[in-house]
Amino acid sequence: MNPAIEFHNVSVCRARVDILRQISLSIAPGEFLAVLGPNGAGKSTLIQTMPGLIPFIGDLRVLGQPITRMASRALSRLRRRIGYVPQLHARPPAALPLSVREVIEMGRAGVRGTGRRLNTSDREICDRIMEQTRLMKLAERPYAVLSGGEQRKVHLGRALAQEPEILLLDEPAGHLDFHWQEAITQLVGKLWRTTGATVIMVTHDLRHLPPGITRVALLEDGRLSAVGSPEHILQSENLSKLYDLPLRVIESRGRYLALPEESS
Amino acid sequence: MTALELKWLLTGLLGGAGCGLAGFILVSMNLPFMGICLAHAALAGAVLSYFIGTPILATALVASLTTAALIGPMADKTRTHANTVMSVLFSLTLGLAFLGIGLLQHQRTDVLSLMWGNLLLVRWVDLWPLGIAALLPLLLLSLLGKETKAVLFDRDIARASGIHATAIYYAMIAFCGFTVTVNLNVVGGLMLYSLLINPAVAALQLAKGYKSVVALSMALGALAALGGLTVSLVLDWPAGASIVLVSSLIYALSLGFSTARTAYAESR
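Chains as they are written, first to last, in our numbering: chain F, 1 to 264; chain C, 1001 to 1268.
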């Protein structure tokens, strides 16, 4: 089976600083890959390379297509098959008075094609997504008045409305209270299992990994330092080295937690 | 109604509605400062036209669009926030405009009217660009409704979901530049900012849905321009300054109404 995403020596350099260095990685269709790393490791940059949102050098094939050599129109068509949820806490607040339904429907805007109006089938897909993500009761509420957790859910819904083959999640549960961290984590796990999409999620917090994920990659100073199964990678010594802090990893029912070791 | 009064009425309606719509676009994209930047670039271009003998409108438009086109790449290349780049370009274009005005000895009155606005300069033929400036962005928002909505909401997210966001973004900015330029005669380069921003911000306070905000931004823009022109005619005040005062009053009233409405809703 052809990989959903294939990196071959991909590097990103900005203002003479190497953000990503020689990344080589193959991600199979339907896989859930979690990319862990400290702040500044290059996690968001890595996720932004996949829909071709930032320039890079090297070879990157997404759904069999070489991102680097694509014309703008073809790249737009490819992006419609990729759902992307960026880090929301770093974005300016939306000034536009849109309802939750209108933001979800934005996910269909690219898919439907330029200049074509959304049809009944698009609206049915959005209704189904809102039922699935339990957003239906908020459908007519203004997006701007929602809590941070609710806004994340809306963006997950917007990305899902594309019916994507690949879902890219940039810290979907970051900067939320415990209730919402858990709600988003469980929703991400459920969506992966039910949609069959390839999911790539970056985070620095083990608690945000849903149970049953297929692989974990550790990103350290722009380099992939380890890639493998969660059982193999999420070891105390690996994470202590990654975060430069003595950590003890606890596993329970497929979920992971890292606690600082008590200093002697 | 005399022909002169009809011309002023149409000028206020078309100019105000166009500015209200352009303001809505700029405020939605969190780029309100771009309005003042484009207005001063257009002013500098208009002043330049007196030196090089080119048509005022075309030169002002080129200056405004060139400035708009510079903002994005300059911000990206220097890793600076767009607002910072706009501040630099704003001061540069204002300085150039003042330098030009200082050097122009014989046509200073004409040029100064571009800064403060002068209804007497508006000719029937000027109504066409004012109408086009109001109509073109409205057509874009209607024909590419879902795409423009997505770009106004979040350009990066729109681009990532396969919308031709960059082209739509620059089309909207170009339309804003055009609106600003064709309104120089009426409101004046120094005053245009308030007619761009105040109606849009007031509409965001008052209306709830997307389409209502678009319609109300245009209506309040027209109201501010017409109200200002009426004040200008009755009291013999400069048109630009009168429009600024009326648009500021509209914003203050909308703020008061919105605050009272929220307090009433919370008390129930």
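Quick caveat, the hints were computed from the structure, so don't treat them as lab data.
Only a predicted model underlies this, so the values are computations on that prediction, with no experimental measurement involved.
Just so it is clear, CB atoms sit at the ideal spot from N, CA and C, and this is done for glycine as well.
Honestly, I wouldn't trust all of these hints.
As the list claims (entries may be wrong) - Which chain F residues face chain C? A few, computed with CB under 10 Å, are given here: (1) Ser11; (2) Asp18; (3) Gly58; (4) Ala71; (5) Arg73; (6) Arg79; (7) Gly83; (8) Pro86; (9) Arg108; (10) Arg112; (11) Leu118; (12) Ser121; (13) Lys137; (14) Ala139.
Unchecked claim - Residues from chain C that keep clear of chain F, each with C-beta distances beyond 10 Å, as calculated: (15) Val1027; (16) Thr1084; (17) Leu1092; (18) Gly1131; (19) Lys1146; (20) Phe1153; (21) Ala1160; (22) Ser1161; (23) Gly1209; (24) Gly1227; (25) Glu1266.
- Task: Verify the interface restraint on Ala71/F: the C-beta must sit less than 10 Å from at least one C-beta of chain C.
- Result: 12 Å, violated
- Nearest-CB test (10 Å) between chain F and Gly1131/C: Holds, since 24 Å exceeds 10 Å.
- Would Gly1227/C pass as off the interface with chain F, using Cβ distances and a cut of 10 Å? Check passes; 25 Å lies beyond 10 Å.
- Item | Proposed interface contact between Leu118/F and chain C, which counts if any beta carbon pair is under 10 Å | Result: holds, 6 Å to nearest chain C Cβ.
- Message: Would the hint on Asp18/F be counted as holding, given a Cβ-Cβ threshold of 10 Å to chain C?
- Response: With a closest approach of 16 Å, the Asp18/F hint is violated.
- Message: Using the nearest Cβ pair, does Gly83/F come within less than 10 Å of chain C?
- Response: 8 Å, holds
- Message: For Ala1160/C, is the shortest CB-to-CB distance to chain F above 10 Å, so the non-interface label stands?
- Response: Nearest chain F Cβ is 4 Å from Ala1160/C, so the label is violated.
- Evaluate the condition: distance from the CB of Glu1266/C to the nearest CB of chain F exceeds 10 Å. Given a closest Cβ separation of 13 Å, the condition holds.
- Query: At a threshold of 10 Å, is the proposed contact between Arg112/F and chain C supported by beta-carbon distances?
  - Reply: 7 Å, holds
- Task: May I ask you to test the interface hint for Gly58/F with respect to chain C, counting a Cβ-Cβ separation under 10 Å as satisfied?
- Result: Violated: closest Cβ of chain C sits about 20 Å from Gly58/F, beyond 10 Å.
- Against chain C, with CB atoms and a cut of 10 Å, does the hint on Pro86/F hold up? 7 Å, holds
- Message: Please verify that the nearest CB of chain F lies beyond 10 Å from Ser1161/C's CB.
- Response: Contrary to the label, Ser1161/C does not stay out of reach of chain F, its closest Cβ about 4 Å off (not over 10 Å).
In summary, the numbered hints that this structure violates are 1, 2, 3, 4, 12, 13, 14, 15, 19, 20, 21, 22 and 23.
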